[in-house]
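The listed protein sequences correspond, in order, to chains A and B. Mapping of the first sequence onto full-length UniProt numbering: position 287 corresponds to residue 287, and the numbering continues sequentially without gaps. Mapping of the second sequence onto full-length UniProt numbering: position 81 corresponds to residue 81, and the numbering continues sequentially without gaps.
Derived from the structure by calculation, the hints contain no laboratory data. Glycine residues also receive a C-beta, built at the ideal position from the N, C-alpha and C atoms. There's no promise every hint is true.
[Said to hold, decoys possible] Covered stretches of chain B (in silico footprint by chain A; criterion: 3 or more residues with CB under 8 Å from a CB of chain A, positions within the stretch not fixed):
{"#": "1", "stretch": "339 to 350"}
{"#": "2", "stretch": "417 to 424"}
[Stated by the list, open to error] Cross-link-like lysine-lysine pairs, in silico, BS3-like; alpha carbons within 30 Å at most:
{"#": "3", "chain 1": "B", "residue 1": "K515", "chain 2": "B", "residue 2": "K202"}
{"#": "4", "chain 1": "A", "residue 1": "K539", "chain 2": "A", "residue 2": "K593"}
{"#": "5", "chain 1": "A", "residue 1": "K194", "chain 2": "B", "residue 2": "K233"}
{"#": "6", "chain 1": "B", "residue 1": "K256", "chain 2": "B", "residue 2": "K202"}
{"#": "7", "chain 1": "B", "residue 1": "K620", "chain 2": "A", "residue 2": "K462"}
{"#": "8", "chain 1": "A", "residue 1": "K280", "chain 2": "B", "residue 2": "K620"}
{"#": "9", "chain 1": "B", "residue 1": "K620", "chain 2": "A", "residue 2": "K592"}
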Amino acid sequence: MPEIRVTPLGAGQDVGRSCILVSIAGKNVMLDCGMHMGFSDDRRFPDFSYITRSGRLTDFLDCVIISHFHLDHCGALPYFSEMVGYDGPIYMTQPTQAICPILLEDYRKIAVDKKGEANFFTSQMIKDCMKKVVAVHLHQTVQVDDELEIKAYYAGHVLGAAMFQIKVGSESVVYTGDYNMTPDRHLGAAWIDKCRPNLLITESTYATTIRDSKRCRERDFLKKVHETVERGGKVLIPVFALGRAQELCILLETFWERMDLKAPIYFSTGLTEKANHYYKLFIPWTNQKIRKTFVQRNMFEFKHVKAFDRAFADSPGPMVVFATPGMLHAGQSLQIFRKWAGNEKNMVIMPGYCVQGTVGHKILSGQRKLEMEGRQVLEVKMQVEYMSFSAHADAKGIMQLVGQAEPENVLLVHGEAKKMEFLKQKIEQEFRVSCYMPANGETVTLPTSPSIPVGISLGLLKRELAQGLLPDSKKPRLLHGTLIMKDSNFRLVSSEQALKELGLAEHQLRFTCRVHLHDTRKEQETAVRVYSHLKSVLKDHCVQHLPDGSVTVESILIQAAAHSEDPGTKVLLVSWTYQDEELGSYLTSLLKKGLPQAS
Amino acid sequence: MKLYCLSGHPTLPCNVLKFKSTTIMLDCGLDMTSTLNFLPLPLVQSPRLSNLPGWSLKDGNAFLDKELKECSGHVFVDSVPEFCLPETELIDLSTVDVILISNYHCMMALPYITEHTGFTGTVYATEPSVQIGRLLMEELVNFIERVPKAQSASLWKNKDIQRLLPSPLKDAVEVSTWRRCYTMQEVNSALSKIQLVGYSQKIELFGAVQVTPLSSGYALGSSNWIIQSHYEKVSYVSGSSLLTTHPQPMDQASLKNSDVLILTGLTQIPTANPDSMVGEFCSNLSLTVRNGGNVLVPCYPSGVIYDLLECLYQYIDSAGLSSIPFYFISPVANSSLEFSQIFAEWLCHNKQTKVYLPEPPFPHAELIQTNKLKHYPSIHGDFSNDFRQPCVVFTGHPSLRFGDVVHFMELWGKSSLNTVIFTEPDFTYLEALAPYQPLAMKCIYCPIDTRLNFIQVSKLLKEVQPLHVVCPEQYTQPPPAQSHRIDLMIDCQPPAMSYRRAEVLALPFKRRYEKIEIMPELADSLVPMEIKPGVSLATVSAVLHTKDNKHILQPPPRPAQPTGGKKRKRASDDIPDCKVLKPLLSGSIPVEQFVQTLEKSTQHPPVPFLLEQHGFSDIKVEDTAKGHIVLLQEAETLIQIEEDSTHIICDNDEMLRMIRILRIPLSSKLRCLCLK
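Turn these sequences into a full structure, and let the hints guide you.
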């Protein structure tokens, strides 16, 4: 029995280190290869020994697909390909291919140079890993091999984020990666056609949240930033270098311009300018409005947002600083946070989801005393605000996507188990499809029943279609043909053609039934009586009286002969082939009832 | 399968393909060579042009002198220029389901088709084709609309009058179909009907046909198209290039195994090598400016200009031209330069890798930054302040009939220091220059046409091996001016089928198969039998469902089991439908086995009317010349068995049924086809 098997190595009932194994029609595909922000031990990467126990990665996997450049989706890639060892193709979109190595290098620097971790991947490994990448364009059908094809759909979320359809024959799986169903200030909304996959694997970060309108959130955000700046406070916005950062920069830029504000806005790390360059060059991946107006004004050329210098953190007066990384787990954002946390005039705004174990997660859950390295305790007096600007679909959006794609089954990843449970029920109720939420290492098996495509000879098909026009709802008409199977070539042809092609002779099976009739007249006259009787009964059939005295009904032959012994009896020979059996035996029984008396 | 040929221009094609149940228009080219018959539209009042004498017939009759003007022995129509549209009468264009666009030059007639023929379908094109196509249309509309011309000449088009005119007006074809330019509103409406596609995207049309664009290597987003069903494949090759310029390379492999390959858009200048033309372009350019002259390059706002700018970028400093200003003047100059930088995925590998750095893929960004290249929407405004001579000006339109180029021709034409360099191959340069004669300016002809030449075509055809090639008639004979050059035509076997404008071709296609899906339950029930090594057969009796042009075979419904045998009507009460097709039989009956089976008493399934549930005891077998005769005396039944036939003769048709049932255990031992 053919089946689809899914095993999350990461992101199963969890957010972080997304990595999902899919087996479909004998092909093995790995979806994403991320790291976990909440761990710095072995658990930060997916457990590839699940595969390597039984052999090499390259032998097992037909391809790897990366949905977007966030590290929880691609952070383990150099480890996976260069340290564990994988030489097959890695597919991602062009913006992901451009930005991914930069983030990986950034990640490596923090891990190795700052935290001093050993046995981490090197810069060279990142380069070697990226050489295995094949760029995929939106909606392009990429033939991985003769049978396996993949296709990318726009996912919103971040620049270059894509959902992927994985297809073998008539079986298919769609993996959403992270996506956003509402367009924002710089990206469009995710979209997929009604591709009816056997399985939809969707993220479920906001499985239980239904967000209020974006406009309200933006107004709230601007109000809070504005108030803090007005009272001379500093605003820290931890972000990832690409994605929400650009979104919020556009938002603040327009607000600053409108309100004519003077407080400086800074963007930390040298990435900014480079990042904005990418946005300028990948304009086709942004939203309609930016694409339409980029010739007149490129939205990613900011007037108010300037580069941040470490020394600015200590300067007096209000300011807004975007700093990386987004979950306050390391780097510059954490440094600034430590400097500003003690002052209640200041504010930190967390614009996105924070993984368990990060400082971001801790302060959001209300912790005000944080234990830092070296047993230091940091008291948080600054205001802590959470504003959901992460570009994930909310519950409504997820349901919307399920409705768009019309899958036969749904599988939830990239979310918290409790919330998934709720969404699972909702999906099962609303769409009447099975919904799964495996934990890491747990396998879901879905039996499939793919139909078999064959070639039908046009002659046979047309003959059937022509007859199919007659309405006959009572009994379905049967199509009879012969399936010729030669190697992997399957053809359905009429039986005549099959015999002819294979050089086989037809075996004619003929039946002749003798019907005795009491009739004293001559044989010819008997035949005439038979003819007129049949003609009157069988109005829809072709009944003929041939010159040689015989009668035919379609291809059934009826001859009248004298009885050898009894001159008062005539013998009717009714003869038909196997193919006409029903009509033949009908005629026999009809004639056995005798002929109506001649008037 | 038919091909309706609506355009006679080999590089600006417009064909309609009827394939299965779909009607597909391939490209929508607009023949603009018609404008060469018109006087140029000057941006600035030109005393020379407005004082040209009216033309009169040989007998002195001057009734046409308002419409026709004479310049250096050539006659021009003094009117708003008009374009030669594709044929609109050959086929009802409202029946066209989709239009496939191969590149931005081949979509210029789109507004005429989508807005004025009742077209309700969808247009498919890549994003660069649409964006740059829009720029080309915008420029065209702008050029024509900003020089309003009161006069619209129509008298000369009268067939009886046209006969009397001098060449080339006399020979102009289809003048009655010539139309003025469309409006921006029509352009926007036409472009709104376009759906964007990416290379290698499979697009389903009504479940019957799949179309796929492939990179053709000629321009940004230029594509060839595959139109296929599961058993037939048509390749439409239009404007392709194997040279390494800025676009993504041509995808040749996907063209393999075509039944028909429609080949259009080959190079218009097969004898000119694009590389040496670029060299000549550069050397003539620097020679002129070094001597203090100006260089005028009539061009389209996108395409080859990107390559020329890149060449100049490398050439400027070494040739000592760094102080010479380069101007690019077009209402869409800025947009074109900006758009070229954002289409990374449509560019060649080298340019793509630049984006990863991240750097703009084209070096003209740097030329602009360093002020070496300046662009302006027109000669009015900022340009008149910045204008310095000597200089190099890139501007349109290459026909020299409208656009800013007209002004520079008038301005610089009288000095032999200046040079006009023709790089676009679409217009014969001598004809383009005719209304400016006499000219003192130097004229250099370096046509750069990167499209396939005949050597490349023959290599391509050898590689992709289509069964049939269809092409415009121009490609099946040497160019008229070089009739001895038999190498300048398509040479393939079987010879290419050629078409000309307004012709309908029946394509040599025999559709024999169609895809059908066998549902898994049915597939499980099939019993394949190996007939020959590697060849198996299975009888299929199934219910056919057809929806949205997709065919599915489902298992036949289970026959309703007769609940009580008596209740069931006898079969003979209903007149059977003789149209039901029954399978055929094959194989032969092994007589001994057959007789043994008849003798045996146990039957599966039991035959209700077989007397006392045991076999026949009185079977006699006689040999005949061709086989055997089996006699069942008591049952008065005679069975003739021969190699290819069996004939059962008896009194009672119930006997026949019985024998048919007897056949069941036999059939599996027979090499038997289609027995159930």
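Hints and how they fare:
no.	hint	verdict
1	339 to 350	holds (count 6)
2	417 to 424	violated (count 0)
3	B:K515 / B:K202	17 Å, holds
4	A:K539 / A:K593	19 Å, holds
5	A:K194 / B:K233	26 Å, holds
6	B:K256 / B:K202	17 Å, holds
7	B:K620 / A:K462	47 Å, violated
8	A:K280 / B:K620	96 Å, violated
9	B:K620 / A:K592	28 Å, holds
Checked against the numbered hints listed earlier, the structure breaks hints 2, 7, 8; every other hint is satisfied.
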